[in-house]
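For this one, chain A is given, so just place chains B and C on it according to the hints.
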Amino acid sequence: MSQFELQHVTKRFPTVTALDDVSFSFQRGEFFVLLGPTGAGKTTTLRIIAGLEKHDSGTVILDGQEVSTHTPAERDVAFVFQQYSLYPTMTVYDNLAFPLRSPLRNTPEDVIKVKVEEAAEKLRITQLLKRKTAQLSGGEMQRVAIGRAIVRNPRLFLMDEPLSNLDAKLRESLRVELKHLQKTQGSTTLFVTHDQVEALTMADRIAVLDKGRIAQQGTPDEIYDRPANTFVAQLVGTPRINLLPAARANGTVRVRGSCVAVPAPRASCWASAPRTCARLRAGPAAPG
Amino acid sequence: MATIELQKVEKKFAEAYAVKPLDLTIKDGEFVVLLGPSGCGKTTTLRMISGLETVTSGKILLNGKEVTWRHPSERDMAFVFQFYALYSHLSVRQNIAFPLQAQGVKNDEIERRVKEVVDILRIPHLLRARPGKLSGGDQQRVALARALVRKPAAFLMDEPLGALDAELRESMRAEIKNLHVAQHATTVYVTHDQIEAMAMGDRIVVMSKAEVQQVGTPIEVYYNPANLFVARFIGSPGMNLVKGQYAGGSVSLHGGNRYSVPPAWTSRLGSALGGAPDVILGFRPEAARVSPQGALNGEVYATDMYGGHTVLHVNINENEIVHIRSDRQSSYPMGTKVRFDIDPAMVRFFDPRTEQAVRGENPPSAAAEVS
Amino acid sequence: MARFEERGPRLPVAQATRVDKVHPRARTVRVLVALVSVVMALVMLLPVGVMVISAMKTRADVMSSPPKIFFKPTLEGLVLLLTDRAQLSEEDQTKMQALADQGKLGLFARIALSTGMEITGPSAYVTRLKNSVIIAGTSTVASVVLGLFAAYAFSRFAMRGKNDLLFFILSTRMLPAVVVTIPLFLMYRQLGLHDRHLGMIILYTVFNLSFSVWLLKGFIDEIPKEYEEAALVDGYTRMQAFFRIVLPQAVSGIAATVVFCLIFAWNEYAFALMLTSQRARTAPVGIATMMGRGGIEWSAIAAGAVGFLVPVVIITFALRKYLLRGITFGAIRG
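Protein chains in written order, with our numbering: chain A, 342 to 629; chain B, 3 to 373; chain C, 2 to 335.
Treat the hints with caution; some may be incorrect.
As the list claims (entries may be wrong) - List of simulated lysine-lysine pairs, DSSO-like, C-alpha gap at most 27 angstroms:
| # | chain 1 | residue 1 | chain 2 | residue 2 |
| --- | --- | --- | --- | --- |
| 1 | B | LYS211 | A | LYS473 |
| 2 | B | LYS135 | A | LYS395 |
| 3 | B | LYS339 | A | LYS524 |
| 4 | B | LYS22 | B | LYS211 |
| 5 | B | LYS339 | A | LYS520 |
| 6 | A | LYS552 | A | LYS395 |
| 7 | C | LYS226 | A | LYS471 |
| 8 | A | LYS471 | B | LYS211 |
| 9 | C | LYS226 | A | LYS473 |
| 10 | B | LYS135 | C | LYS226 |
| 11 | B | LYS14 | B | LYS67 |
| 12 | A | LYS454 | A | LYS471 |
| 13 | B | LYS135 | C | LYS163 |
| 14 | A | LYS463 | A | LYS520 |
| 15 | B | LYS135 | A | LYS552 |
| 16 | A | LYS395 | C | LYS226 |
| 17 | B | LYS14 | B | LYS61 |
| 18 | B | LYS153 | B | LYS29 |
| 19 | A | LYS473 | B | LYS14 |
| 20 | B | LYS10 | B | LYS29 |
| 21 | C | LYS163 | A | LYS395 |
| 22 | C | LYS226 | A | LYS552 |
| 23 | A | LYS463 | B | LYS245 |
| 24 | B | LYS179 | B | LYS153 |
| 25 | C | LYS322 | A | LYS473 |
Just so you know, these hints were derived from the structure itself, not from any lab.
Just chain A, same shape as in the assembly (with noise of 0.2 angstroms):
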């Protein structure tokens, strides 16, 4: 049994089915990233994990432990936005010493002043604690927000596209030190975009979802080898997967309007998907 659980969660929105069935779980100390185009529902699950948002049906299992009913502040987890994570009144010792200043836990100052600069240190970010927040960069001020989320030590930090509103470069590095500092501390995350660079590098394993479902689970290697259909085909790979309109006769399949042929697997498959070094691959394909 899975530790951290979606179980058919369904929610609707008036006007739009945000998620529909949607059923995924990974284990303590994964790094999990669902993926999709924008208004897939990414950030809908996100906020239904952590407690900001209600859904209609199904159950929600962190470590464990069905949590449908619990408060946000009960679930233990930490949540990094994609902007206005700090609050700009503050410094950013405050910021990072906000957690844990919460009357539900009551910490002893000192013991906030130690986990404040053993979380500074480890996103390097000793020399600014005295500052005011509005006078960060935007690399910087992301780097606060996910020290916030470590300095509670959750069992469960959710990622909102945190890295979308930064510079190219600094995705890149800033992606390189996440990943690093994920798999040191050992924290199961749950992490989402709609950038397949960003899920192929980080993610231990991917679930896609498209339009409120679930196109497919697995390791960056099955999405990217054995995508599901051609949704998950094309979201996936840069440059995008060739995708070539063909007919299947006597146990081969030819591509249409030339003579290129590709031995036929197996079922009914009319689409084959030659990567880009030039091997024919041909992957089961659903209609459509």
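Positioned in the frame of chain A, the structure of chains B and C alone reads:
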């Protein structure tokens, strides 16, 4: 059609430089990209060209005529914003027709041009819709249509793809470039994403901290970066830059590695460094190849799977990590010792004191292979 | 997915940057426009100036025609405003004069003596002023506090018929005071709230509530809800999140709302006239009723008006930064 010229254009806020004196000539029909991290001055430069920002000193010329003080509307340039700036209370058709109405063009002419532009951008089905209801990509297409319909002398684009999904960014990149080629329009494009710059630009102006670091074609900027900043900034991941000491034809790196300088460089390296031994060795991830007989060695620290290829993070000493590109089938668990070689045609050297590149005798040809 | 809002609060542009606004020719135009504005401002401030001058004139100077520009300033008007006096007989006047020469009389008493009067006690106006302070102050605090909680609820929570409710609240402001005054008078009479401080406070609070709810909702809408959500996830209750996070950020909005509510309650005349008589009468009505009581003491009225202006001007000036934000609802963007 337009040639844009910037002569010693600078922008200061109080005493601080937002853009240091800049000279740039943009030829007719060229696609020039202003590339750099946040705050480097690229957007300010673009806004000065458009007239939305004043120039502290210097001149801006359009087709040889000075336009430094002309009102933005009189410069015949169209601006495309990152957040579209579409009028949410008007339909798409009215949005596109807006600039023409402002110019006083006749109604049937407006209809004709709107239809033309909407066909080019493949959004005829959206004419009646309100911008608020459209997806990001469609909204940007409408913004492009609105710019295109004016048939301006030049297009100025401020990170137009920044607000889009990664997937959409790729396809819109190709669309914009195609548009540029079909219209033969002079375009100045601002971005912080070097992949975009490399894919789209005829020439790239790399900027950092208000200063131009290098101007060149993508090939030039990639294979012959003028300084450390450009070397690091261009390329994903950027160029590996390793410190070392040069003596007697080879560079000793920290951690025991020794790299033999290729003959093409031995003659000029010593004098270029002014006799000082400190040097920075540069090579791109694809210039290095893992091989059992490699001259350099290190330990695998991490692997990045990109799908079609892998990038190894290799520790060559306790402080320095280099990135080496490898094919996707290779699997290197953490801690594996590897040996690698550097392609002599692709190695570069930099002077650590000036941060400038040491000039090679022959820049490699554009046909240099990238696997 | 990057959202289409800016990253963080934007500050208004400090200086114009567009070409046509900075061009030398444009600058001359701007200077001319400024000059004209100054002249117009002076013209508009003239009545206020006259009022201030009148407050400092003697009874005789005030009435003189043509009006005196050069005069000897005196505090007579203030004395007339703030004190009740009685006429002194000839011999009492001499006795008082003797006291004055010995330095035993206060400033006000001496001024009263110069017109042949002695001070018998504070005038009714002083009470009126006190009433104004109590009523306006309390109702402002009440409407801002209640409005703040209501605005937060409207901004953050989903509820059925929210828009209708908001419109209903706004609509209370659409009624002119005159229309409602008679029913209110009858109601207050019944409830025993007529001419009571509590009655006026309740009335002003309710009237200001619509304005404060709308204004504060606009400000709170601008504060991204991610801030509180992060706090909720971190273990704070909504109330704690409200006090520690939303309130500090809404301070400028609250200041703007306070100023607007205060100005309304302080200057309110129509309701005060109808619904108060002796006990709870406020200063605006007090000043107006001074006219027609056995001769018009212009200097007193002028003094009263000036004195009434001053507190509001001081507060507005102190909070002027926030007022600008309040008027534009943060619509100024960099």
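Evaluated hints:
1. LYS211/B with LYS473/A: Holds, at roughly 23 angstroms.
2. LYS135/B with LYS395/A: Cα-Cα ~26 angstroms, so holds.
3. LYS339/B with LYS524/A: Roughly 21 angstroms between the alpha carbons, so the hint for LYS339/B and LYS524/A holds.
4. LYS22/B with LYS211/B: Distance of about 9 angstroms is within 27 angstroms: holds.
5. LYS339/B with LYS520/A: holds, 22 angstroms
6. LYS552/A with LYS395/A: holds, 19 angstroms
7. LYS226/C with LYS471/A: Given pair LYS226/C, LYS471/A holds - Cα atoms ~25 angstroms apart, limit 27 angstroms.
8. LYS471/A with LYS211/B: Within the cut-off at roughly 25 angstroms; holds.
9. LYS226/C with LYS473/A: holds, 20 angstroms
10. LYS135/B with LYS226/C: Holds, at roughly 23 angstroms.
11. LYS14/B with LYS67/B: holds, 24 angstroms
12. LYS454/A with LYS471/A: holds, 13 angstroms
13. LYS135/B with LYS163/C: holds, 23 angstroms
14. LYS463/A with LYS520/A: Holds. LYS463/A to LYS520/A sits at ~13 angstroms (cutoff 27 angstroms).
15. LYS135/B with LYS552/A: holds, 17 angstroms
16. LYS395/A with LYS226/C: Since the Cα atoms of LYS395/A and LYS226/C sit roughly 17 angstroms apart, the hinted pair holds (cutoff 27 angstroms).
17. LYS14/B with LYS61/B: Satisfied, since the Cα-Cα distance of roughly 15 angstroms is no more than 27 angstroms.
18. LYS153/B with LYS29/B: holds, 17 angstroms
19. LYS473/A with LYS14/B: holds, 26 angstroms
20. LYS10/B with LYS29/B: At roughly 17 angstroms apart (the allowed maximum being 27 angstroms), LYS29/B and LYS10/B satisfy the hint.
21. LYS163/C with LYS395/A: The hint holds at about 20 angstroms.
22. LYS226/C with LYS552/A: holds, 25 angstroms
23. LYS463/A with LYS245/B: holds, 26 angstroms
24. LYS179/B with LYS153/B: This hinted pair holds, its Cα atoms lying about 16 angstroms apart.
25. LYS322/C with LYS473/A: Judged against 27 angstroms, a Cα distance of about 22 angstroms means the pair holds.
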